[in-house]
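K.L.:
My request is simple: use the sequences and hints to build the entire structure.
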Amino acid sequence: MSRVDFYHLQNMTLEEALPKLLEKAYTTGKKIVVKIGNAERIDFINSWLWTYNDTSFLPHGSKKDGFAEMQPIWLTDGDDIPNNAEFLFLVDGAEIEAERVSEFERIFNIFDGNVDDSLQQARRLWKAFRQHTDDVYYWQKDEKGIWRQKG
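Note that the sequence shown covers residues 3 to 153 in the numbering used here.
Note that these hints are calculated values from the structure, not bench results. Incorrect hints may have been included.
Per label pair, the in silico range of CB-to-CB distance [what the hints assert, rightly or not]: (1) 102 - 57: 33 to 39 Å; (2) 55 - 139: 38 to 44 Å; (3) 82 - 148: 30 to 36 Å; (4) 68 - 115: 32 to 38 Å; (5) 97 - 18: 18 to 24 Å; (6) 125 - 31: 19 to 25 Å.
Straight line, CA to CA, 30 Å or less: simulated DSS-like cross-link-like pairs of lysine-lysine [claimed, not checked]: (7) 65 - 32; (8) 65 - 33; (9) 152 - 32; (10) 66 - 32; (11) 143 - 26; (12) 146 - 66; (13) 129 - 66; (14) 129 - 143; (15) 66 - 22; (16) 129 - 152; (17) 152 - 33; (18) 33 - 66; (19) 32 - 22; (20) 143 - 33; (21) 33 - 22; (22) 33 - 129; (23) 143 - 66; (24) 32 - 129; (25) 22 - 146; (26) 26 - 129; (27) 152 - 66; (28) 65 - 146.
Glycine included, every Cβ here is placed at the ideal spot set by N, Cα and C.
P.N.:
This is how it looks when you write it as structure tokens:
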């Protein structure tokens, strides 16, 4: 059964949260696709993942880089999954149809809780995904900066 996790960003940016979540997901040995809500952000996130930390390494690529089937982490704004990813990250307002939940072991929806449109989208996706799996979880950072599962 597929699992969906919603990560509610409030006191941090996507640029702070995404690399850490990707690092953790990457350690599982699963292939990952990151669906980005707009094409312009692909190049930025691609560059950011190479430079965000001097001591970490997240192998990844996008159409611009090629070798899609070999990339452990694939960045896209489309529905392509050339690396046969088991994990899907949705960022910057990206979506998939709820009926596709079963195509992935896990889906990570990361949304900005400071933007009303993002909150509304997350609520809509929550309801839609719940119709296709019971394994839907909501995470928020506590005052110590630790992700905590919320009701």
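K.L.:
Which hints, by number, does the structure contradict?
P.N.:
Violated: hints 2, 6, 12, 13, 23, 27 and 28.
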